[in-house]
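Asker: Each chain is listed here by its residues.
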Amino acid sequence: MRYLPLTEADRAEMLATIGAERVDDFFGDVPEAARLPGPIDGLPNHQGELAVERHLSNLGVRNRTANEGRFFVGCGAYKHHVPATVDHIIQRSEFLTTYTPYQPEIAQGTLHSLFEFQTQVAELTAMDVANASMYDGSTSCAEAALMACRVTRRRKVVLSGGLHPHYAAATRLLCEAQGIEVVSLPPAIDGELDLAAAVDGDTACVIGQSPNVFGTVTDLSPVADAAHAQKALLVSVFTEAVSLAMVPPPGEMGADIAAGEGQSIGNSLNFGGPYVGLFAASQKLMRQMPGRLCGETVDADGKRGFVLTLSTREQHIRRDKATSNICTNSGLCALAFTAHMTLLGGVGLKRLAELNHDAACALADALETVPGVEILTPRFFNEFAFKTPVNAEAVLAMLEERGVLGGVRASRLLPAGTMDDVIIAAATECTTPDDISAYADALKEIV
Amino acid sequence: MTMNNQGRPTSPTLVDNRPEGETISGSRGLLQAEPLIFETDRWNQTGVDLPEPKRTRSRLGDLRRKAEVSLPGLSEPETVRHYVRLSQRNYAIDLGFFPLGSCTMKHNPRLNERMARLPGFADIHPLQPQSTVQGALQLIDELAGWLKTLTGMPAVAMSPKAGAHGELCGMLAIRRALEVRGELATRKRVLVPASAHGTNPATAIQCGFTVDEIEAAPDGRVDMDDLRQKLAVTDDIAGIMLTNPNTCGLFERDIREIADLIHAAGGYFYCDGANFNAIVGRVRPGDLGVDAMHINLHKTFSTPHGGGGPGSGPTVLSDALAPYAPVPFVERDEDGQYQLIEDDRRESRDSFGRMVAFHGQMGMFVRALTYMLSHGADGLKRVAEDSVLNANYVQARLKAVMTPAFDGYCMHEALFSDAFVADGIETIDIAKALIDEGYHPMTMYFPLVVHGAMLVEPTETESKAELDRFCEAMAGIARRAAEGDMSLKTAPVHAPLRRLDETRAARKPILKWERPEPESEQLAAAE
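Residue numbers (our numbering), protein chains in the order written: chain A, 1 to 447; chain B, 448 to 974.
Isolated chain B, as found in the complex (with noise of 0.2 Å):
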């Protein structure tokens, strides 16, 4: 049985009647109409030679799953078609700009590829005798290093596994550190200006902790008179989320004084590390009374975002919360051999537990680590430089055409309004667009207070000319924009898809394959 790229199956009804533009075979020229796995006759087929099982004997007991495991098996020259023709519908950094805001979305070096699959680090168990993976543990000592030195904090937690992990465990530090103070009962209030990323509340809220937020100012930064007001009653603070640069892309220039009100106020300072990537090699957050910060190193230090994941999240800590710390963590003892300590009834008795089995997500710590020692503490400082030129070029070069949503220089990210948009055209219409012209859209109605926002991150690995072209393609899809051009609801006309129906998605959710009604086999089978 043959399939469309709809996955019906062809037959003469469907071949005469099909819409204009559409061929006999679903394809496109390059673009492969491809099915679902479920939707090929591989039904009790495999693609793995395994060797017969012998069966001897059994010590399940008598216990055995009833239903078998009924999943199609396609041969190694299918799996590997099925794969590749899906990856061409998918946009990607290694085929073009991807000014995704507040992602990072730079060059993924191929080095930290081939040295994460060394076998000496894919093929080693998190349960092995420490004796035998010294070297894995000297190297999360020293990216500890690496991290500890680029952001001036005295300890670092390795084992978180994203952004919001990290936050959980920056989040989950503080609440120990209220709870030895005794204090854990009264302070609940968490700090949260209204641009944050919507990790920060939720993250807040999952450690038991109450969000109240704060305005933003008009300049883009946090509204301090409405800080200092929250501030008025202190004994419930238990401290501050922020961003900074925040999502706006802006420095928070009165970053010192918000670390002195919430330090006064009896509170914790945790910064939103996803920033990280404008200021690394400039700016020490230690020097900024900073309390904890995770780094996401699928930004600022290069690995993969994998199309949605894996992440890593280490989390800084001041002297403050240090103590607090999750386990595991890795000591280098007076011999010069690293321990991993992993019970939190040792040494490390204030801990605040563990967050996650084993010792964090080392493929990204040996990715990271490369990364750094490939830009040194002198190519980190550029990249931070390169990162925040590029974005302050994209925004001088579209001033003129867009609304920038605030005056003066940015850091890392141009943050766009949509006040240039004519009547009946929306940001969304904008993203659509760049897709047409080959581009990966921007981050949109992000950050929450700018209407229609529109969040540009060049990122340091993008060359001038690269840029230059971009800007030109933005210029053009604004100046429609501006003048109304209807046309750009329709976009994209170019992608593989058209727009997506969300809403029919989300009222009546597929979210498996599933066989079809016997009426459509027997179709099937008639053919």
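Only chain A is shown next, with the shape it has when bound in the complex (with noise of 0.2 Å):
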């Protein structure tokens, strides 16, 4: 077997060393009745590469990718080119089979890029500080609702009807399992300002997402004002990271804490994961971060280098009174964000910014012109809803025999009966002049 170098006289030799006489002496511990004769029933013995490439290769091809056709799926991932040169990064040896960087003296490849990374995603979102990196938008989310209700020692959080569906449902899943009550507006695609009179003085935050779920962009700034004048903080919540060159970041609309995804920058598709969580807060909430955080310091020498820090938050050294219980976070993806970051800079994120806005303004131009279609978001970066004559459903079903991904429909991500004829469409700097007349054309056929 190919992954096993030990040979038969080594298990011989070995097993004699020890003074044992076969395997099985170590698994003498196991209870009888659970041991098993030999290999499980059920499952194929082993295979060689060809074999096992050629399996994986015929589910793959079952798949219709994001570059086969016309291609308009967002509402919290969304398709971008990244650059060739971060994937080559990603799999050097030392960045990927390595592990957490508990031993800085032999990872400082990996806490250099991560206290990289930290800087990046403050100056993304205008936060003073940003962790190395959480699971996903959506776990960072609800990390965020947990610790707003640890600072401001309250046990209230509301949540805007424009936040993203599944966000919503894994705070609230991980608040009320705390027993923290959580209160959500109702679905609105231009709703994210109700925040600022649904905070009262039991509320630990409120939770508004820009651009939201609806692609709507918002300046959350008065709800901000309306948190602060409670004591209660604002959550800033993102999915798309590239609209932050150009909508206002969470950091200058006055969030306490900034949650989102970035996926977006860097990082594939990959079907939902693995993404990586964005997670930066102001100074003053720092020690109750949840999350891994790398710090410069200086070693024996007086050389400067990088550990991680503040672990006495963590829940290896304090347990059950840990500010969470991640450990393993996304590294690999952070590395991935980070690399296509460093390619980008300030100035060629801001231009891919101004592709994906300029994409997504001449698709609602196009899809304007076509009878019935009202576009609905007010204001938006790349994602927009849309509303459509008929069925949403049927709509995108008809979109996909003309070769079109037309989009998400809003009652997918709803609860049922909710916007039914509602049709959530992304545009990247990937979708060209000839996807967006080809989608306006099957819609005027459909319609």
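Simulated from the structure, these hints should not be mistaken for laboratory data. Glycine included, C-beta positions come from ideal geometry on N, C-alpha and C. Check each hint, because a few of them may be wrong.
[Unchecked claim] Just some of the chain A residues that point at chain B, by a computed CB distance under 7 Å:
(1) Met1
(2) Asp29
(3) Val61
(4) Thr85
(5) Glu105
(6) Thr110
(7) Ser113
(8) Val247
(9) Leu269
(10) Thr297
(11) Ser330
(12) Leu349
(13) Arg351
(14) Leu355
(15) Arg379
(16) Leu405
[Claimed, not checked] The calculated BS3-like cross-link candidates involving lysine-lysine, where the alpha carbons are at most 30 Å apart (straight line), are:
(17) B:Lys635 / B:Lys595
(18) A:Lys350 / B:Lys501
(19) A:Lys284 / A:Lys303
(20) B:Lys513 / A:Lys350
(21) B:Lys501 / A:Lys387
(22) A:Lys444 / A:Lys387
(23) B:Lys828 / B:Lys846
(24) A:Lys321 / A:Lys231
(25) B:Lys677 / A:Lys321
(26) B:Lys635 / A:Lys321
(27) B:Lys936 / B:Lys846
(28) B:Lys677 / B:Lys635
(29) B:Lys513 / A:Lys231
(30) B:Lys513 / A:Lys284
(31) B:Lys911 / B:Lys828
(32) B:Lys595 / B:Lys828
(33) A:Lys231 / A:Lys284
(34) B:Lys501 / B:Lys513
(35) B:Lys911 / B:Lys846
(36) B:Lys955 / A:Lys303
(37) A:Lys321 / B:Lys955
(38) A:Lys303 / B:Lys936
(39) B:Lys501 / A:Lys444
(40) A:Lys231 / B:Lys955
Got two chains here, each in a separate frame; can you build the complex from them with the hints?
Answerer: This is the structure:
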């Protein structure tokens, strides 16, 4: 077996050194009834690379990729172009096959890049400090809610009607497990500012999203003011990291915590994971943050180096008093993010954002010409909701037959019977003018 | 402006006064000096060629970011060099032996990487119509089938993102089961052995439970007397979280009895599956009375650790907990079509809800299935056997010079205490000395129940020759430690950096690069 270096001779020699007769001796503590006589039934035996590759390839070709045909699906994951360099970097053995940098003398590569990652995320979100990543945007959002409750010692969280429903579900689940009250405002395309009226003296935080799940861009400053007036926090969520080069970022709107998804920068769609959760906060909340933090220090010779720090917040030190149970995070996805961002720079990121916005504007212009279509999102970056004259599910199915993956029906994410005639469509730098006219033409045929 | 490897500008003064042994450039042969990207002159540049935006109209309203994103953009050659230089400061499995206990640092097959990058897996969107992702759903279903068969459990939740997230999944399923029984308000107590991973108590708390610690017996297993005493009162028991094989590298020989006691008390048995590598293909947790167990695909099933993640933590569930599994999950209908059940208001009415956006770590699923198909049922059994053989070999070779924490055979990791070490020398000194010998240190100071613990997990992907080399180096260090060789305190000396000042890092945390003070800018300008 190609992954196992021991030979039969090695095994015999090692058993002799140990003084055991057979490997079964080591399993003597396993209850008699649970000892299996041979390999587990019902599974195939080992196969060579060629056979395995053939099996996986056969599964792979049964999926339609974002590069085949016209593609407008977004809602929390976005088709962007990732430079070839990024994949080369994350496949470097020294990054790919190393562990969490608990031995900093031989992990400066990971730590140095994490320090750069944290700096980039803090700058992108316009926040003071960022951590070394979370699993994804939705768990980042849930952890932000829990952190707000710790900081304020309050037990109520209010979610906007434009928060990605998966993020809302993940947040509700964790909060309710701890007995924290969760208030969800009704689904609304342009309702983020309704949070301002929903905050009261019991509220730990309000969670708003910009651009929200319908693509709506909102300046959450009035929500921050209302929250702060009640000594509550604003958690500002985003699912499209590229947007932050153009739209007001969390820090400029007075957010206390920023939580979002970083997939758009450096990471493939991957059918939903792995992605990279971004998490940033104001300076004064630093010690209540979940997850790993990388900090600067010096070594015994006075040379600059980096270490994981403030680990007394974390489970491996603090156990039941930890700020979170998170251990493994999204290290390699964070590396992909930081490598792509290092290539882009602020200038490149802004240009990329503008290209996205251009494409979405062109898409909206084209779809608006289709009779019965109404753009519902008043202000958007690269994604918007529109109303179809007939049921959205049927429209998307007919578009699919014409080679167009036209977006996500809102009803896939929302409670049954809500916005059955709404499609959320995204365009990025990958979207071509041909894609856009093909979409508009197909939609005209259907409606 | 040039920088040395401390990120400081080099200047004639610094060159003249450079410390003994430091070069003018800051580089040392193959180890190239590398500043932070923020210390380059690539501000207002980009390394990506993008077309000029049209900017014909805006639909942003008048909402605009005020301060431009101020980050350097490096050209492609500079970027590649930056990261390759950084990479050379990392230890990695591909470079050498990485015996980090509890972490299962086995070889990461490259076929896994190739398969995960097939466009049919990497370039598909989680919210595409299900008809366009039938291959992906089938893959999830196949992987779920392997996991269920290997564990002998009837159900598996695929969406947890890592081990600790899998723990959360299992404990939330238990919580939901108690809720359905109408006993959530009273059953709050979760038993956790003192030797447990820190994630266990942290998870229990995160699910609204309280933690009651069980002592370890002198033989490194659960103290059954203490357990029975903790179960004298049963009506507040929610369950137990137990790692098996445990964090001392030992199989809990009373595991069936533990399961029976917990079940009789009305609680559930959560098994931390971090150490599944020791028993995969040989023992099924379903035969041990387990109700829920997460599986670290990034440990047992060879997906790379990536310097801290991503992981993946599918969680198998017993019949008692299966109805409460989170959404989404995959089902196959009569026509052979795969369905992704996303809506917790329909068929999955009892589901405890949704843990995360989308459907789990697909990229890791592809790698793990690739690995399972490669090994097959026969190979996976061999994985467990060789990992346990390797650990026992290390224990046998080192027991004369180190102190095994417990008598008898171990499972997949060998645990030593610091009893053999002379006064003034500590476990960390031994760990750092291993770095100088070209090895990644073992896990140190864990589990907490063993003084100065050193936990060595070789995994099955190490050859006997590699183990022999390691044992010789380790034995040499152990002898120095036993003799009180204080030069161990200065290790490492052959690493890119010496020991780092962690206290200083925590006292006044610097968590991002800041622009230098104006004074030093003037200094730089004057050069």
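Asker: Taking the hints in turn, state whether each one holds.
Answerer: Against the structure, the hints come out as follows:
A cut of 7 Å between beta carbons decides the hint on Met1 (chain A): the least distance to chain B is about 5 Å, and the hint holds. Interface hint at Asp29 (chain A): satisfied, since its Cβ lies 4 Å from the closest Cβ of chain B, which is below the 7 Å cut-off. With 7 Å as the threshold, the beta carbon of Val61 (chain A) comes within range of chain B, its nearest partner Cβ sitting at about 6 Å, so the hint holds. The beta carbon of Thr85 (chain A) comes within 6 Å of a beta carbon in chain B, closer than 7 Å, and the hint placing it at the interface holds.
Evaluation of the Glu105 (chain A) hint against chain B yields a held restraint, the C-beta minimum of about 4 Å falling below 7 Å. Using the Cβ-Cβ criterion of 7 Å, the hint placing Thr110 (chain A) at the interface with chain B is satisfied: the shortest such distance is roughly 4 Å. Taking 7 Å as the C-beta contact cut-off toward chain B, the hint placing Ser113 (chain A) at the interface holds, the least distance being around 6 Å. Hint status for Val247 (chain A) relative to chain B: holds, with the closest Cβ pair at about 6 Å, below 7 Å.
With its C-beta approaching chain B no nearer than about 5 Å, Leu269 (chain A) sits inside the 7 Å limit, and its interface hint holds. Using the Cβ-Cβ criterion of 7 Å, the hint placing Thr297 (chain A) at the interface with chain B is satisfied: the shortest such distance is roughly 4 Å. The criterion of a C-beta within 7 Å of any C-beta in chain B is met by Ser330 (chain A), whose closest approach is roughly 5 Å, and the hint holds. Taking 7 Å as the C-beta cut-off, the interface hint given for Leu349 (chain A) holds, the closest approach to chain B being about 6 Å.
Checking Arg351 (chain A) against chain B by beta carbon gives a least distance of about 5 Å; that is within 7 Å, so the hint holds. Look at Leu355 (chain A): its Cβ gets to within about 5 Å of chain B, closer than 7 Å, so that hint holds up. For the restraint placing Arg379 (chain A) at the interface with chain B, the shortest Cβ-Cβ distance is roughly 4 Å, inside the 7 Å limit, so the hint holds. At its closest, the beta carbon of Leu405 (chain A) sits 6 Å from a beta carbon of chain B; the interface hint therefore holds under the 7 Å criterion.
Taking the CA atoms of Lys635 (chain B) and Lys595 (chain B), the gap is near 29 Å; set against the 30 Å cutoff, the hint holds. The suggested pairing of Lys350 (chain A) with Lys501 (chain B) holds, with an alpha-carbon distance near 13 Å, which does not exceed 30 Å. For a cut-off of 30 Å, the pair hint linking Lys284 (chain A) to Lys303 (chain A) stands: about 28 Å separates their Cα positions. Distance check on the hinted pair: Lys513 (chain B) and Lys350 (chain A) sit about 12 Å apart at the alpha-carbon level, within 30 Å; holds.
Our distance criterion of 30 Å between C-alpha atoms is met by Lys501 (chain B) and Lys387 (chain A), whose separation comes to about 27 Å. A hinted pair counts as satisfied when its Cα atoms are at most 30 Å apart, and Lys444 (chain A) with Lys387 (chain A) qualifies at roughly 14 Å. For the suggested pair Lys828 (chain B) and Lys846 (chain B), the alpha carbons sit about 27 Å apart, so the restraint of at most 30 Å is met. Distance hint between Lys321 (chain A) and Lys231 (chain A) is fulfilled; the C-alpha atoms sit about 24 Å from each other, no more than 30 Å.
With a C-alpha separation of about 22 Å, the suggested pairing of Lys677 (chain B) with Lys321 (chain A) holds against the 30 Å cut-off. Of the pairs offered as hints, the one joining Lys635 (chain B) and Lys321 (chain A) holds, with about 17 Å between alpha carbons and a cut-off of 30 Å not exceeded. The hinted pair formed by Lys936 (chain B) and Lys846 (chain B) meets the criterion: a straight-line CA distance of about 23 Å does not exceed 30 Å. Of the supplied pair hints, the one linking Lys677 (chain B) and Lys635 (chain B) holds, its CA atoms being roughly 13 Å apart against a limit of 30 Å.
For the hint pairing Lys513 (chain B) with Lys231 (chain A), the CA-to-CA distance comes to about 26 Å; that is within 30 Å, so the pair holds. Among the hinted pairs, Lys513 (chain B) with Lys284 (chain A) is consistent with the structure: their alpha-carbon atoms are about 23 Å apart, no more than 30 Å. Under the criterion of a C-alpha separation no larger than 30 Å, the hint pairing Lys911 (chain B) with Lys828 (chain B) is consistent with the structure, at around 19 Å. The straight-line distance between the Cα atoms of Lys595 (chain B) and Lys828 (chain B) is roughly 16 Å, inside the 30 Å bound, and the hint therefore holds.
For the hint pairing Lys231 (chain A) with Lys284 (chain A), the CA-to-CA distance comes to about 14 Å; that is within 30 Å, so the pair holds. At roughly 21 Å between alpha-carbon atoms, Lys501 (chain B) and Lys513 (chain B) fall within 30 Å of each other, so this suggested pair holds. Taken as a hint, the Lys911 (chain B) and Lys846 (chain B) pair is honoured in the structure, with Cα atoms around 17 Å apart against an allowance of 30 Å. For the hint linking Lys955 (chain B) to Lys303 (chain A), the alpha-carbon distance of about 17 Å falls within 30 Å, and the restraint holds.
About 22 Å separates the Cα atoms of Lys321 (chain A) and Lys955 (chain B), which keeps this hinted pair within 30 Å; it holds. Annotation: proposed proximity of Lys303 (chain A) to Lys936 (chain B) holds, straight-line Cα distance about 18 Å (limit 30 Å). Distance check on the hinted pair: Lys501 (chain B) and Lys444 (chain A) sit about 26 Å apart at the alpha-carbon level, within 30 Å; holds. Of the supplied pair hints, the one linking Lys231 (chain A) and Lys955 (chain B) holds, its CA atoms being roughly 27 Å apart against a limit of 30 Å.
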